[in-house]
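Peer 1: Residue numbers (this note's numbering), protein chains in the order written: chain U, 1 to 257; chain X, 1 to 257; chain Z, 1 to 257; chain P, 1 to 257.
It should be emphasised that the hints constitute simulated quantities derived from the structure, not laboratory data. Heads up, a few of these hints could be off.
In silico lysine-lysine, DSS-like type, Cα no more than 30 Å apart, as pairs [said to hold, decoys possible]:
1) K164/Z to K240/U
2) K240/X to K143/Z
3) K229/X to K123/U
4) K23/U to K123/X
5) K240/P to K17/X
6) K18/X to K143/U
7) K181/U to K17/X
8) K240/P to K143/Z
9) K123/U to K17/U
10) K143/P to K123/P
11) K23/X to K123/U
12) K229/X to K181/U
13) K229/U to K240/X
14) K16/P to K240/X
15) K23/X to K17/U
4 protein chains.
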Amino acid sequence: MDTAQNGDLIMLIAPKKKHMLFKLQADAEMQTHQGVLMHNDIIGTPYGSKVFTHMNAELRLLRPTLRDILLHTKRRSQIIFPKDIGYILLRLSIRSGSRVIEAGTGSGALTTALAWAVGESGKVYSYDRRNDLQNVARKNLRKTDLDNQVEFHLRDISEGFEEKAVDALFLDVPDPQNYLKGVRSALKNGGAFGALLPTTTQVSVLLEALENDNFLNPDVCEILLRFYKPVPARLRPADKMVAHTGYLIFARPDFPS
Amino acid sequence: MDTAQNGDLIMLIAPKKKHMLFKLQADAEMQTHQGVLMHNDIIGTPYGSKVFTHMNAELRLLRPTLRDILLHTKRRSQIIFPKDIGYILLRLSIRSGSRVIEAGTGSGALTTALAWAVGESGKVYSYDRRNDLQNVARKNLRKTDLDNQVEFHLRDISEGFEEKAVDALFLDVPDPQNYLKGVRSALKNGGAFGALLPTTTQVSVLLEALENDNFLNPDVCEILLRFYKPVPARLRPADKMVAHTGYLIFARPDFPS
Amino acid sequence: MDTAQNGDLIMLIAPKKKHMLFKLQADAEMQTHQGVLMHNDIIGTPYGSKVFTHMNAELRLLRPTLRDILLHTKRRSQIIFPKDIGYILLRLSIRSGSRVIEAGTGSGALTTALAWAVGESGKVYSYDRRNDLQNVARKNLRKTDLDNQVEFHLRDISEGFEEKAVDALFLDVPDPQNYLKGVRSALKNGGAFGALLPTTTQVSVLLEALENDNFLNPDVCEILLRFYKPVPARLRPADKMVAHTGYLIFARPDFPS
Amino acid sequence: MDTAQNGDLIMLIAPKKKHMLFKLQADAEMQTHQGVLMHNDIIGTPYGSKVFTHMNAELRLLRPTLRDILLHTKRRSQIIFPKDIGYILLRLSIRSGSRVIEAGTGSGALTTALAWAVGESGKVYSYDRRNDLQNVARKNLRKTDLDNQVEFHLRDISEGFEEKAVDALFLDVPDPQNYLKGVRSALKNGGAFGALLPTTTQVSVLLEALENDNFLNPDVCEILLRFYKPVPARLRPADKMVAHTGYLIFARPDFPS
Numbered sequence: 001m002d003t004a005q006n007g008d009l010i011m012l013i014a015p016k017k018k019h020m021l022f023k024l025q026a027d028a029e030m031q032t033h034q035g036v037l038m039h040n041d042i043i044g045t046p047y048g049s050k051v052f053t054h055m056n057a058e059l060r061l062l063r064p065t066l067r068d069i070l071l072h073t074k075r076r077s078q079i080i081f082p083k084d085i086g087y088i089l090l091r092l093s094i095r096s097g098s099r100v101i102e103a104g105t106g107s108g109a110l111t112t113a114l115a116w117a118v119g120e121s122g123k124v125y126s127y128d129r130r131n132d133l134q135n136v137a138r139k140n141l142r143k144t145d146l147d148n149q150v151e152f153h154l155r156d157i158s159e160g161f162e163e164k165a166v167d168a169l170f171l172d173v174p175d176p177q178n179y180l181k182g183v184r185s186a187l188k189n190g191g192a193f194g195a196l197l198p199t200t201t202q203v204s205v206l207l208e209a210l211e212n213d214n215f216l217n218p219d220v221c222e223i224l225l226r227f228y229k230p231v232p233a234r235l236r237p238a239d240k241m242v243a244h245t246g247y248l249i250f251a252r253p254d255f256p257s
Numbered sequence: 001m002d003t004a005q006n007g008d009l010i011m012l013i014a015p016k017k018k019h020m021l022f023k024l025q026a027d028a029e030m031q032t033h034q035g036v037l038m039h040n041d042i043i044g045t046p047y048g049s050k051v052f053t054h055m056n057a058e059l060r061l062l063r064p065t066l067r068d069i070l071l072h073t074k075r076r077s078q079i080i081f082p083k084d085i086g087y088i089l090l091r092l093s094i095r096s097g098s099r100v101i102e103a104g105t106g107s108g109a110l111t112t113a114l115a116w117a118v119g120e121s122g123k124v125y126s127y128d129r130r131n132d133l134q135n136v137a138r139k140n141l142r143k144t145d146l147d148n149q150v151e152f153h154l155r156d157i158s159e160g161f162e163e164k165a166v167d168a169l170f171l172d173v174p175d176p177q178n179y180l181k182g183v184r185s186a187l188k189n190g191g192a193f194g195a196l197l198p199t200t201t202q203v204s205v206l207l208e209a210l211e212n213d214n215f216l217n218p219d220v221c222e223i224l225l226r227f228y229k230p231v232p233a234r235l236r237p238a239d240k241m242v243a244h245t246g247y248l249i250f251a252r253p254d255f256p257s
Numbered sequence: 001m002d003t004a005q006n007g008d009l010i011m012l013i014a015p016k017k018k019h020m021l022f023k024l025q026a027d028a029e030m031q032t033h034q035g036v037l038m039h040n041d042i043i044g045t046p047y048g049s050k051v052f053t054h055m056n057a058e059l060r061l062l063r064p065t066l067r068d069i070l071l072h073t074k075r076r077s078q079i080i081f082p083k084d085i086g087y088i089l090l091r092l093s094i095r096s097g098s099r100v101i102e103a104g105t106g107s108g109a110l111t112t113a114l115a116w117a118v119g120e121s122g123k124v125y126s127y128d129r130r131n132d133l134q135n136v137a138r139k140n141l142r143k144t145d146l147d148n149q150v151e152f153h154l155r156d157i158s159e160g161f162e163e164k165a166v167d168a169l170f171l172d173v174p175d176p177q178n179y180l181k182g183v184r185s186a187l188k189n190g191g192a193f194g195a196l197l198p199t200t201t202q203v204s205v206l207l208e209a210l211e212n213d214n215f216l217n218p219d220v221c222e223i224l225l226r227f228y229k230p231v232p233a234r235l236r237p238a239d240k241m242v243a244h245t246g247y248l249i250f251a252r253p254d255f256p257s
Numbered sequence: 001m002d003t004a005q006n007g008d009l010i011m012l013i014a015p016k017k018k019h020m021l022f023k024l025q026a027d028a029e030m031q032t033h034q035g036v037l038m039h040n041d042i043i044g045t046p047y048g049s050k051v052f053t054h055m056n057a058e059l060r061l062l063r064p065t066l067r068d069i070l071l072h073t074k075r076r077s078q079i080i081f082p083k084d085i086g087y088i089l090l091r092l093s094i095r096s097g098s099r100v101i102e103a104g105t106g107s108g109a110l111t112t113a114l115a116w117a118v119g120e121s122g123k124v125y126s127y128d129r130r131n132d133l134q135n136v137a138r139k140n141l142r143k144t145d146l147d148n149q150v151e152f153h154l155r156d157i158s159e160g161f162e163e164k165a166v167d168a169l170f171l172d173v174p175d176p177q178n179y180l181k182g183v184r185s186a187l188k189n190g191g192a193f194g195a196l197l198p199t200t201t202q203v204s205v206l207l208e209a210l211e212n213d214n215f216l217n218p219d220v221c222e223i224l225l226r227f228y229k230p231v232p233a234r235l236r237p238a239d240k241m242v243a244h245t246g247y248l249i250f251a252r253p254d255f256p257s
């Protein structure tokens with residue numbers, strides 16, 4: 001539908017580009033810095049419209065994109081950024097029906113994107129040792145109605161993974177080199193393995209372990225995203241940018257012969 | 001299945017990282033620089049295994065990832081790069097079931113990624129004026145069995161788009177500013193619009209048109225992807241990199257009130 | 001001398017890397033957040049030593065490098081950054097004895113670097129319409145004892161430049177395209193011209209003017225400087241970086257034949 | 001003088017931007033791909049003019065900038081790039097009269113820039129174990145009449161440096177961590193130390209050694225230089241760029257107390 005419905009996850013944009021993201025619930029109300037909004041007044045309104053608080057402050061009603069959702073992830077830990085997630089999905093070939101493992105769950109940004117991409121016919125298996133983090137992730141996923149696509153394991157991955165023959169596996173943990181046996185035994189033959197690591201030292205350690213464990217085609221990269229000030233007559237990059245989130249490493253287990 | 005099947009799109013990797021990507025067909029044979037391969041010898045082989053030519057040259061058998069497929073797009077025109085495509089999918093919120101328009105078709109790299117992401121329940125509507133390009137794209141999509149997800153229109157988009165209320169629309173044409181009326185009438189309320197443009201001059205022109213046509217939240221960015229030499233004890237970036245593919249512009253049509 | 005002398009421009013570094021830069025004056029005292037320092041206690045101390053405030057806070061005594069001096073430029077306007085200045089000096093071939101024009105003076109960061117490089121046998125001619133800015137620049141230069149190398153002109157450059165046959169000329173003004181006749185008549189044959197411009201729109205306008213005025217070899221570039229956290233076991237880029245200062249444009253006037 | 005003189009180092013630019021750089025010598029001749037040039041025909045010609053070969057091919061006569069000279073360094077080894085050299089000079093505070101040590105000499109690109117900057121009142125002390133490299137560097141410096149500013153040492157720096165109390169010291173060797181005692185004893189108190197290293201692994205090793213040896217303010221960075229196609233109506237970055245030359249590390253020895 002083209003109009004906001006009860007239960008929709010919506011985004012409101014204030015003039016200075018401040019964003020709010022929440023779920024519409026009949027009879028609920030929303031406090032903003034510029035007055036109160038009644039959810040009932042939004043329900044039925046076409047997306048792209050203006051809506052107004054009781055103090056007559058103007059906001060724009062939009063459907064959040066996946067990137068908006070990811071950037072609004074409630075977080076207790078560093079999340080993986082959209083610039084990296086978009087590329088990870090391509091490198092891991094995630095699609096409708098894919099079965100994929102990730103560890104750790106963290107606050108669930110990558111979990112959200114994976115759940116989004118695998119759809120109802122796929123499944124995300126998400127491991128973390130910390131219950132508090134998984135609860136944050138669970139809430140984030142519930143907000144986007146993606147929680148059914150995810151099976152959480154509260155468990156140390158040094159004990160291995162429960163699933164077999166998954167299509168892809170991604171590790172966002174500080175010591176991925178310690179779990180490569182488990183990675184290999186969980187992935188299907190030639191499946192896609194990826195990891196994110198913040199420091200060059202960790203990358204070297206992982207690369208060495210991948211070599212020793214006969215992973216194929218190791219590949220390391222980093223992605224820089226630069227925004228521009230969108231002013232037609234004075235186009236120029238923004239003053240500051242994120243200089244680093246992490247290095248991405250990809251490889252494929254061999255099939256021993 | 002974990003072994004290569006008749007009809008699978010497979011990738012073979014030679015020692016110097018030269019890649020071949022083709023579809024397995026019973027009884028067919030494949031010429032390589034280092035001898036002949038019988039498809040029948042590959043069928044049934046586990047992914048991740050070594051396979052050998054009749055001259056005993058060693059190759060690795062892998063399932064191509066979406067990124068591998070995109071990089072092997074047969075091209076008659078510049079393709080959109082995986083680094084950009086991954087981010088476009090997130091910004092346009094493409095998922096299973098999405099209906100999305102793109103123009104032009106070009107060689108079909110973005111078409112492939114969109115078809116991949118929308119799955120069987122979604123649809124990609126791809127416009128181009130050039131039949132020869134659409135035929136190249138059609139072949140590329142057939143190779144990946146994604147052609148059923150795409151409806152091609154051989155048509156100038158200055159006449160507008162045939163579809164209504166699509167979720168997202170992406171323009172990879174030199175003059176997107178000329179089609180914003182059509183964009184607005186094809187997109188559902190508040191739908192996601194994106195474009196790729198190689199020059200700053202074009203970006204300025206598009207930004208001005210978006211302003212004049214009341215598009216919301218215009219956003220301009222560029223993505224730099226830097227690879228590293230994956231040598232554990234001598235980790236360092238590669239010597240050269242792609243310095244530019246294009247600027248990405250995103251915006252949302254308002255709903256007039 | 002290896003010890004701090006009366007009249008030296010010195011730098012003190014606090015533990016959290018806060019820097020102070022000032023000139024030593026016998027009998028003066030310096031207030032810091034952590035107590036008072038008597039200049040006399042610093043005079044005679046070897047560079048690289050610890051010095052202490054009356055509250056016993058520890059500071060390191062260093063000679064500022066040119067880059068330190070540039071970063072501590074007292075500013076009323078945006079300064080040109082060291083990363084750009086280093087490259088400008090090379091592209092303009094500034095050396096001991098060079099005669100070079102710049103406009104505008106601004107707060108005098110580039111002026112300082114030019115004065116530094118041309119030495120006692122060279123000269124920098126610095127133009128600005130704003131007296132207040134030139135006074136700031138003058139103070140900055142006096143602090144580094146470089147003011148004798150600079151001749152300030154309080155003057156609009158649309159009236160041209162007073163000097164002839166200078167080796168190089170750099171414009172840090174919003175509309176350099178309007179002064180190319182003056183540039184040509186001030187530069188010696190084939191001299192080096194450079195400009196810094198923040199927006200792509202301005203770059204296009206200047207490039208067109210350079211073409212129309214037969215400047216040779218126009219060249220546009222930008223410099224990105226990325227710092228790393230200097231932690232041996234956890235080497236990684238800093239979280240944020242400057243994404244943009246400006247585009248650098250270089251060209252040479254032809255000699256008409 | 002504004003016209004090319006016997007003995008000048010000149011640059012000729014062919015239409016496709018091919019550059020030649022050589023010294024004018026009365027009565028000499030120069031072979032180009034498009035015919036012969038008599039040096040005598042160039043002597044006396046204003047810089048910025050066209051000159052013609054005997055086959056009437058048109059070339060432009062320019063004075064090379066320091067950057068042109070550096071890029072034309074005859075090389076037997078990887079040279080340090082102008083983008084890095086400009087910044088190194090600022091960080092090391094090189095100026096007229098400076099005394100500076102570098103090792104290794106390599107092909108002499110940094111040597112050239114240092115000699116250029118220290119002028120006749122300064123001195124560059126350049127160490128290398130390889131005579132063949134130093135001979136290449138010597139020739140490069142002679143071409144630019146900078147050889148008098150340089151004193152070459154054919155010597156392994158593990159034996160230390162001969163000079164004392166130099167203003168700055170730069171190491172372009174694979175294992176700078178092994179020479180820090182020598183660095184400290186050659187530099188004046190609080191002098192400026194710099195190094196260039198291609199791999200992250202080497203950077204970590206050096207940082208650890210700097211920490212152990214009480215060097216102050218270690219700083220690591222890298223510089224990316226991106227060129228644009230200088231076409232006014234189609235401004236955009238070049239397609240490819242250098243992704244990496246090396247990491248720059250700077251620090252200052254403390255004065256022990």
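Peer 1: With reference to the structure, classify each hint as holding or not holding.
Peer 2: Against the structure, the hints:
A distance of roughly 40 Å separates the Cα atoms of K164/Z and K240/U; the hinted pair therefore is violated under the 30 Å criterion. A distance of roughly 43 Å separates the Cα atoms of K240/X and K143/Z; the hinted pair therefore is violated under the 30 Å criterion. A threshold of 30 Å between alpha carbons decides the hint, and for K229/X with K123/U the separation of about 33 Å lies outside it, so the pair is violated. Straight-line distance between C-alpha atoms of K23/U and K123/X comes to about 27 Å, which keeps the hinted pair within the 30 Å bound.
Between the alpha carbons of K240/P and K17/X the distance comes to roughly 21 Å, so the proposed pair stays at or under 30 Å and holds. For the hint linking K18/X to K143/U, the alpha-carbon distance of about 45 Å lies beyond 30 Å, and the restraint is violated. With a C-alpha separation of about 25 Å, the suggested pairing of K181/U with K17/X holds against the 30 Å cut-off. A threshold of 30 Å between alpha carbons decides the hint, and for K240/P with K143/Z the separation of about 43 Å lies outside it, so the pair is violated.
For a cut-off of 30 Å, the pair hint linking K123/U to K17/U is broken: about 35 Å separates their Cα positions. Restraint check for K143/P and K123/P: satisfied, since their Cα atoms lie roughly 18 Å apart, inside the 30 Å limit. At roughly 27 Å between alpha-carbon atoms, K23/X and K123/U fall within 30 Å of each other, so this suggested pair holds. Between K229/X and K181/U, the direct Cα distance comes to roughly 24 Å. Compliance with the 30 Å bound is thereby established for this hinted pair.
Using a Cα cut-off of 30 Å, the hinted pair K229/U and K240/X holds, with the two alpha carbons roughly 28 Å apart. This hinted pair checks out: K16/P and K240/X have alpha carbons roughly 22 Å apart, not beyond 30 Å. Between K23/X and K17/U the alpha-carbon distance is near 48 Å, which puts this suggested pair outside the 30 Å criterion.
Hints 1, 2, 3, 6, 8, 9 and 15 from the list above are not met by this structure, while the remaining hints are.
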